[in-house]
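2 protein chains.
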Amino acid sequence: MSDENLQVLLARRPTGWVEAADLRLHSAPIPEPADGEVLVRNLWLSLDPYMRGRMSDAKSYAEPVALGAVMVGGTAGEVLRSRHPDFRAGDKVVGMLGWQLYGCAPGKALAKVDASRVPLQAYLGTLGMPGVTAWYGLNRICEPRPGETVVVTAASGAVGSVVGQIAKARGCRVVGVAGGPAKCRYVTDELGFDACVDYKAGQLGADLRAALGEGFDCLFENVGGEIFDRLLALARPFARIALCGTISDYNATEPYPMRNVRAVLVSRLKLQGFIVSDHMECWPQALGELAALAVAGKLRWRESVAEGLASAPQAFIGMLRGENFGKQLVRLG
Amino acid sequence: MSDENLQVLLARRPTGWVEAADLRLHSAPIPEPADGEVLVRNLWLSLDPYMRGRMSDAKSYAEPVALGAVMVGGTAGEVLRSRHPDFRAGDKVVGMLGWQLYGCAPGKALAKVDASRVPLQAYLGTLGMPGVTAWYGLNRICEPRPGETVVVTAASGAVGSVVGQIAKARGCRVVGVAGGPAKCRYVTDELGFDACVDYKAGQLGADLRAALGEGFDCLFENVGGEIFDRLLALARPFARIALCGTISDYNATEPYPMRNVRAVLVSRLKLQGFIVSDHMECWPQALGELAALAVAGKLRWRESVAEGLASAPQAFIGMLRGENFGKQLVRLG
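Line by line, the protein sequences are chains A and B.
With this note's numbering, letter number 232 in the first sequence gets 1483, and the count goes up by one each step, no holes.
With this note's numbering, letter number 269 in the second sequence gets 1520, and the count goes up by one each step, no holes.
Do not rely on the hints blindly, as some may be mistaken.
Using C-beta positions, here's what the derived DEER-type ranges look like [as the list claims (entries may be wrong)]:
(1) A:Ala1420 with B:Arg1391: 27 to 33 Å
(2) A:Ala1547 with B:Ala1362: 51 to 57 Å
(3) A:Ala1420 with B:Ala1362: 44 to 50 Å
(4) A:Arg1368 with B:Arg1391: 42 to 48 Å
(5) B:Arg1391 with A:Gly1398: 50 to 56 Å
(6) A:Gly1569 with B:Ala1272: 55 to 61 Å
(7) A:Gly1398 with B:Asp1308: 55 to 61 Å
(8) B:Val1556 with A:Phe1489: 35 to 41 Å
(9) A:Gly1398 with B:Met1531: 22 to 28 Å
(10) A:Phe1489 with B:Asp1365: 30 to 36 Å
(11) A:Gly1398 with B:Gly1559: 50 to 56 Å
(12) B:Asp1308 with A:Pro1432: 34 to 40 Å
Straight line, CA to CA, 25 Å or less: simulated DMTMM-like cross-link-like pairs of lysine to aspartate or glutamate [unchecked claim]:
(13) B:Lys1451 with B:Glu1394
(14) B:Lys1359 with B:Asp1337
(15) A:Lys1521 with B:Glu1505
(16) A:Lys1310 with B:Asp1500
(17) A:Lys1521 with B:Glu1532
(18) B:Lys1310 with A:Glu1540
(19) A:Lys1419 with A:Asp1500
If you're looking for bench data, these hints aren't it; they were derived computationally from the structure.
Backbone N, C-alpha and C fix where the C-beta goes; we use that ideal spot for every residue, glycine too.
Next comes chain A alone, as it looks inside the complex:
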């Protein structure tokens, strides 16, 4: 055990695209757990689009990260020292310890996980927040029926890949939207979607119309902007749309002007935004169902792994540009 706690701090608030200088490596002492707390050595850091929102002080659903503070983030690791009765050294845990090698948290802010049947980092992806996000939006907002058409944007990503596979498992036709032929092939050939539209192919409108035919009944929207606006016009009557993210907007200085919102009226759509952390009561059921699907071989996923905390900023910037392929992780230990 090193005696140095490497951290990534928010150095300044980005305008537009995040730059490397917005984040700063920092060395701090390894913290001491207070009574009721647990000291964890982080082995994996999750990188997620929501982090872009926390770097900004624009109005959002959560407080921004303070300047000079450790960047927020989900982590998976191993207990080094416990001053909480439910944990002991060696336990594998997930929590929100942020972009750093070591962190302390109250026991109630950590969850013990079983890393004997799935790799530990799966609890940051398909069996963690992204998986529950997919489960909630699809089951509680879209509520697809067998035979309906479900569209998923950012289809190869940590959330989108799970959305599509759950929808397939319940008998839907599933169409993905992803960037580039390699991701699209993965979405159809490995994840089993019925079709995938490459939004980088230069003919988005025509390709969406061709893939969707009679339109869609459900949309799980992760991207926003032009893709979302074009999709709105293709909704079938009474379609349901779960608005999970608008990553295309996160680095824009102006929001994309949406021209097809009238489709919500004309086609009697339901459009609902959600944040998975508002629905903690669903996590046990969601994680149970996801684990069952994974054990049954019906849930596949892919990881992009950056090595070492120092590589986290570039990996995060790349993820915002869609350069990752599947769940973006940073291996810390």
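Since chain A is already given, all that's left is putting chain B on it; use the hints.
Coordinates of chain B only, in the frame set by chain A:
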């Protein structure tokens, strides 16, 4: 009984604002009821914003009116001759007989009404389609709780006035948006809303912020465009928005570019479009509750009455510009 059936036909499809030449007066023979049909003399014609959509052949939720056909519209009148066992001459009925003095309809497409306690034309407004529209959107989509803030656009209109009064009756704070000081005074002083923003006063953003303070929990949206976009940014977390109409767009050649759709995610909003005719199962309950409120003196309304079918086109054009004040009717008999 004249032997002439004056009608208004769709002469051409408008682009942008409706013009008088888009509609054409026509004289036809009075029709004969077939077996199972009823011949009605229309006494009142309802003018409603949805009619603008039916003049266009752009994709919408209903088939457009054919060129040369009688304009669609709700009517209240008196049975002249019945070939249906449930109706007899002299019965007062409402139906969708269109912009004409006489019409035939199957008995099942007509509803007998009691015009002894409320004026017949109320069944085209507060106790008819606009009233049920208000009831459905507020009760089934917005679902306001006592103490919550409800915003209603086009607040002095046939739908908006009912929305606000129902919301007041259940203990909400109600803020209207209307055009001009006279309508705003009516909304607060006669309808009992807590506040009303005049969207024509030249400081819409500041006035909305001042009237809404901590934001709103429910929005009943009849107008769309800039007003809707500005309101989106003022939604409180978990607000519910019933999208009933976008009258500001109906005569625009380009849709208004919405910049605040991201609020649906950030504030976890539910935005749902609806058309009251999709929900016929709710009409009896809605009309019962509206009638009870009316009898209790808790439901007031106002009418703009144009005299004679020949004045209907100008009255309709004026309504689309917001020149009417309350429910727009045409007196036919």
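Item to check | Holds or violated: A:Lys1419 to A:Asp1500, with C-alpha atoms at most 25 Å apart | outcome: violated, 29 Å
Checklist entry - Given the hint that A:Lys1521 pairs with B:Glu1505, does the C-alpha gap stay at or below 25 Å? => result holds, 23 Å
Item to check | A:Phe1489 versus B:Asp1365 beta-carbon gap, inside 30 to 36 Å or not | outcome: Check passed, 34 Å falls within 30 to 36 Å.
Item to check | A:Ala1420 versus B:Arg1391 beta-carbon gap, inside 27 to 33 Å or not | outcome: For A:Ala1420 and B:Arg1391 the Cβ distance comes to about 31 Å; the hint holds.
Next on the checklist: A range of 35 to 41 Å was offered for this pair. Does it hold for the Cβ distance of B:Val1556 and A:Phe1489?
Outcome noted: At roughly 37 Å between Cβ atoms, A:Phe1489 and B:Val1556 fall inside 35 to 41 Å, so the hint holds.
Checklist entry - CB of A:Ala1420 to CB of B:Ala1362, is that within 44 to 50 Å? => result Since A:Ala1420 and B:Ala1362 have Cβ atoms about 47 Å apart, the given range 44 to 50 Å holds.
Next on the checklist: Check the hint pairing B:Lys1359 with B:Asp1337 against an upper bound of 25 Å on the C-alpha distance.
Outcome noted: holds, 9 Å
Item to check | Range agreement (Cβ of B:Met1531 with Cβ of A:Gly1398, hint 22 to 28 Å) | outcome: Because 26 Å falls inside the window, the suggested range holds.
Item to check | Satisfaction of the hinted span 50 to 56 Å by the C-beta atoms belonging to A:Gly1398 and B:Gly1559 | outcome: The hint (50 to 56 Å, Cβ to Cβ) holds, given that A:Gly1398 and B:Gly1559 are roughly 53 Å apart.
Next on the checklist: Tell me if the straight-line CA distance from B:Lys1451 to B:Glu1394 falls inside 25 Å.
Outcome noted: violated, 29 Å
Item to check | B:Lys1310 paired with A:Glu1540 [C-alpha distance capped at 25 Å] | outcome: Roughly 40 Å between the alpha carbons, so the hint for B:Lys1310 and A:Glu1540 is violated.
Checklist entry - Do the beta carbons of A:Gly1569 and B:Ala1272 sit within 55 to 61 Å of each other? => result Taking Cβ atoms as reference, A:Gly1569 and B:Ala1272 lie about 59 Å apart, which means the hint holds.
Consistency note: the structure conflicts with the earlier hints numbered 5, 7, 13, 16, 18 and 19.
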